[in-house]
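Engineer: Given the coordinates of chain Y, work out where chain U should sit on it, guided by the hints.
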Amino acid sequence: MGDGCFLSLAALLGDGVMTVEAKRAQQLARRYGYLEYMVARYLALFGQDTEAFLAGNELALAKSIRTNSLVSTPDRVIERLEGKGFRLEAVAGLPYAFRVREGRLPLGATPEYLLGQYTLQSVASMWAVEALNPRGAKVVADVCAAPGGKTTLIAQLMENRGALLATDISRMRMRALRSNLSRMHVENALAMRVDAAQLPELGIQADAVLLDAPCTGEGLIPVDPTRKRSRQLEDLATLAAVQQKLIVAAAALLREDGILVYSTCSFAPEENEQIIDYALQKCPLRVTETGLPIGDPGFTAPFGQPVDESLVRARRFYPYKHGTEGFFICRLEKVRS
Amino acid sequence: MQARKSEKLTFAEPSRSEETMIVQGLERYLESSVVVRLLRNKQLLIGKGNRQEVYLLSAPLWQLYRQACTQRHPYFVGLHLGELHGAGFVPSLHSLQWLAARPRAGVVVAATAEGAQRFMYGRDLEPKELQQVPSKGGDREMLVVNERGEGIGFGCLVADEKGKTRLRNRTDLGWYLRRGQ
Chain Y
172 MGDGCFLSLA ALLGDGVMTV EAKRAQQLAR RYGYLEYMVA RYLALFGQDT EAFLAGNELA
232 LAKSIRTNSL VSTPDRVIER LEGKGFRLEA VAGLPYAFRV REGRLPLGAT PEYLLGQYTL
292 QSVASMWAVE ALNPRGAKVV ADVCAAPGGK TTLIAQLMEN RGALLATDIS RMRMRALRSN
352 LSRMHVENAL AMRVDAAQLP ELGIQADAVL LDAPCTGEGL IPVDPTRKRS RQLEDLATLA
412 AVQQKLIVAA AALLREDGIL VYSTCSFAPE ENEQIIDYAL QKCPLRVTET GLPIGDPGFT
472 APFGQPVDES LVRARRFYPY KHGTEGFFIC RLEKVRS
Chain U
21 MQARKSEKLT FAEPSRSEET MIVQGLERYL ESSVVVRLLR NKQLLIGKGN RQEVYLLSAP
81 LWQLYRQACT QRHPYFVGLH LGELHGAGFV PSLHSLQWLA ARPRAGVVVA ATAEGAQRFM
141 YGRDLEPKEL QQVPSKGGDR EMLVVNERGE GIGFGCLVAD EKGKTRLRNR TDLGWYLRRG
201 Q
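Chains as they are written, first to last, in our numbering: chain Y, 172 to 508; chain U, 21 to 201.
Just so you know, these hints were derived from the structure itself, not from any lab. Incorrect hints may appear among the rest.
[Claimed, not checked] Distance condition first, Cα-Cα at most 27 angstroms in a straight line; then the derived DSS-like pairs of lysine-lysine:
no., chain 1, residue 1, chain 2, residue 2
1, U, K28, U, K62
2, U, K62, Y, K309
3, U, K148, Y, K255
4, Y, K399, Y, K492
5, Y, K234, Y, K492
6, Y, K309, Y, K416
With the rest of the complex left out, here is chain Y (with noise of 0.2 angstroms):
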């Protein structure tokens, strides 16, 4: 992919005449305190739903929790949560997730976080790792696994057992993600920094693979609003450039009909239905469904750009829609050659 798939502001707004659609991002982006070339490209996106979407991004999302099953039940721990003073609400279709309504204590400071009872996480994460659905698998990889929520959960549904490589490339993530797995009784994890682009020699044929890219972050802008301003256009390319790197690595660790699930908390087709896309090109993969209950399907089209059909079976997650951060999660099966 060139820089040309890259939707410039003047692409959108047209050349020195402001158009209505540019006036109208102008007073959105004043409005809501993002940066112009944001709304314009959320306008091309969303249409009619933008001004929804950017009000939707002013609420806070309710913090939530993950139950660990690997040392208690989620009956047990919220009762001792609720004792603290706690009110938490269970998550439809996750039945270890639960928001939290009530609560003056630090959630990461409890004992029974402590004692790997419970972990923070994301909702939309916790459908990133039911994608994958690792139960019963024998061998699963984490790409960019740290700090390790999600490594965390993949351990947990596979009942600590099976292998779980960990991988990434940061040495301070790596101390997290190593602590992470420690409190949160996981035991069948191998963690190890090594550059995606070394994955494919080790070797490995893992039947489900999860790559949770780096990405601009933008479906973060609710829990951190500092990202309305402080990503360029050129950032997307330049992590667009990583997420295609990492995604024909990440399908290289997949033995035949094994599972890929990529995912990102970014609103950008560029990171997203276009990297499914190179893919596509690139590896022996199919999109499948997600078997999520939740989301909008993914764009075929965005910015009028043809993307594979098959990338409606792809999954997006918005905060005035879905009540979580922004996501996306696509599911990929590898085929035989």
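Structural biologist: Chain U in isolation, oriented as in the chain Y frame:
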């Protein structure tokens, strides 16, 4: 105890004497039959660097290790049982749950609710904060549990100047907040 800084470890299977040290160290906390069950069909590995970390791998994980680690060493693998220090084995926070589930008699100190909270802040405990102390603690390391019997760390029983028993904190679960982030 846990990763103090990012240093490279070289992994190898333990020697006979190292294996003996590990088994003896575990038998200090667990009955021999429990240790046998814990180690059955598993592989021990030692990560050697500035420290000697002991890991326990299930059969599938051992297979993955042999496949993926021909040219590279892992950062962390399986259950981190503890470390070899001099002639002894020191258990880790990762193995705490295993040890607290079926401890040998005489190696457990139970803290009061308030004591457990203070202990997880890294504090030593006073006699009034201990509700169950083995009769023969004598300067040896103990498994520290809360009022529910959940392992919260390790410490040593020591007599103060008045002859009363205090608990000196060696490590506790609060490490995950203080150092593990």
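Engineer: Does each hint hold? Answer for all of them.
Structural biologist: So, going through the hints one by one against the coordinates:
Between K28(U) and K62(U) the alpha-carbon distance is near 24 angstroms, which keeps this suggested pair within the 27 angstroms criterion. Pair hint K62(U) plus K309(Y) holds up; C-alpha atoms about 16 angstroms apart against a cutoff of 27 angstroms. Restraint check: the Cα-Cα separation between K148(U) and K255(Y) comes to about 24 angstroms, which is no more than 27 angstroms; the hinted pair holds. The suggested pairing of K399(Y) with K492(Y) holds, with an alpha-carbon distance near 19 angstroms, which does not exceed 27 angstroms.
Taking the CA atoms of K234(Y) and K492(Y), the gap is near 16 angstroms; set against the 27 angstroms cutoff, the hint holds. Simply put, K309(Y) and K416(Y) have alpha-carbon atoms about 26 angstroms apart, close enough for the 27 angstroms limit, and the pair holds.
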